[in-house]
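Join the two chains into one complex using the hints; note that each chain is given alone, in its own frame.
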Amino acid sequence: MGNGAKKFMYVNRRAPYGTIYALEGLEVVLIGAAFDQDVCMAFVDDGVYQLQKGQDTAESNMKNFSPTYRALGDYEVTKLYVEKESLEQRGMSEDDLMELTYEDEDDDYQEKPSIRIVNRGELTDLMEQQDVILNY
Amino acid sequence: MKFGILVNEGPYQHQAADTAFNFTKAALDKGHEIVRVFFYHDGVNNGTRLTTPPQDDRNIVNQWSELAKEHELDLVVCVAAAQRRGIVDEDEAKRHGKNADNIAEGFRISGLGQLIEMGIKADRLMAFGD
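Sequence order for the protein chains is A and B.
42 is the number that my numbering gives to position 41 of the first sequence; each next residue is one higher, with no gaps.
31 is the number that my numbering gives to position 14 of the second sequence; each next residue is one higher, with no gaps.
Excised from the complex, chain B in its bound form (with noise of 0.2 Å):
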């Protein structure tokens, strides 16, 4: 089956962003087809490459990295979110004056569109978060 899979929460704050982790792990491990994943509201927060957690704890942005380099996952940051909540890649960050830019590895930042059109072609959009 292809699933789309839409992260709406950050990652730590809230249970959602490790859920669509193991779900799109575990679906992958059956076979299963991953259209894309796409992060939207706080959910963009798991695309910083920044992120510092204890080293005791899981990385989920690590996680993320590392499951799209070994699957060529898409992973997606919604521009407009991440806009809001300072997440930029390198164009981004030359287009808006910033000094630097912290997007993670393997994640792209496009628009709202990119959503959409998981929608259209997934069997089923799988929402993770309130």
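Isolated chain A, as found in the complex (with noise of 0.2 Å):
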């Protein structure tokens, strides 16, 4: 990353399908991966669901795009913010979303969790110090 990086924020509020804003959103963040900026996703509200784990979409007639968060980490987008209090106001914890997981280069190519659990004031500063917020 070079010193000029700057700090990108995907903000995922929507539920994965009912709308193409998920899917649409998840692509910007594959093809922004190759920009070496300073990257990270936030999901709060029904944005949690995007990584609920076993999403079956075959009888719905929509792409399961689940699968492609795993190659996230891949991509060196490996901080997954998720709002605790959106998970909980639907009923959900940490055990309900996928495993998803990154090599830490820095760390002798450790596989560390790319999930974390904020609360809302956390989530707050986190904005706080980016320069670009790309809401979806």
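Each hint should be verified, as a subset may be incorrect.
No farther apart than 25 Å at their CA atoms in a straight line, the calculated lysine-lysine pairs in the DSS-like style are these [to be verified]: (1) B/LYS19 with A/LYS7; (2) A/LYS54 with A/LYS64; (3) A/LYS7 with B/LYS138; (4) B/LYS19 with A/LYS8; (5) B/LYS138 with A/LYS80; (6) B/LYS138 with A/LYS8.
In short, the hints are calculated from the structure, not lab data.
No experiment lies behind these values; they were computed from the predicted model shown.
Structure (structure tokens):
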């Protein structure tokens, strides 16, 4: 990451299916990864459903793109902040989410979790630190 | 100041398309620089010249085309979002075997990298739409 890197946050607020925002938002993250910026993602409101494990879209004729989230680590997108309150409001916990990991090149390529559960206040602080916030 | 403009909603359906245009025009009038206007999601529908609103209403597409001509604006329509929604230029039409194109004057089709680059170059990235 160069010194001139900007802090980008992609905020995901919507359920994965029903609208195309989640899918097209993920496309931006993957393309953006090539630009070597300081990238993170946030999942709030119904956006937490995007990371739910066991997604099955077979009967809805929608493309199940949830496996793509597993590729984020390889794209060096390793900070996925999930808002605790949004999970709780939906009767969910971290156990309901996919296990997403990345290999930490600064720590002997150890496999580490990408998902970090944060509360609303912590997320607010993170948003304050960003240069660019893209909302989906 | 250098602004990047992101338009995420289509014309007429959503006021965001008008607000984005009005903001861009106001910023230019005040002497600010517009790095680029990037159209994503249904925002790509702002870039079809086949748009034909009633005569007593504003023509949002033409407004962009005219502003682009006047200020040499870079109006970029996302290729992936555009393909899904049937917005094509001559090259894209040829590539996909379509018998027509519909991109409006002053717009060009390019990739999402242009959005990220806009975010890097601009002092502020302004997003319009839900």
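Hint check:
With a C-alpha separation of about 15 Å, the suggested pair B/LYS19 and A/LYS7 falls inside the 25 Å cut-off, and the hint holds. Of the pairs offered as hints, the one joining A/LYS54 and A/LYS64 holds, with about 15 Å between alpha carbons and a cut-off of 25 Å not exceeded. The hinted pair formed by A/LYS7 and B/LYS138 meets the criterion: a straight-line CA distance of about 10 Å does not exceed 25 Å. For the hint pairing B/LYS19 with A/LYS8, the CA-to-CA distance comes to about 17 Å; that is within 25 Å, so the pair holds.
Straight-line distance between C-alpha atoms of B/LYS138 and A/LYS80 comes to about 23 Å, which keeps the hinted pair within the 25 Å bound. A hinted pair counts as satisfied when its Cα atoms are at most 25 Å apart, and B/LYS138 with A/LYS8 qualifies at roughly 13 Å.
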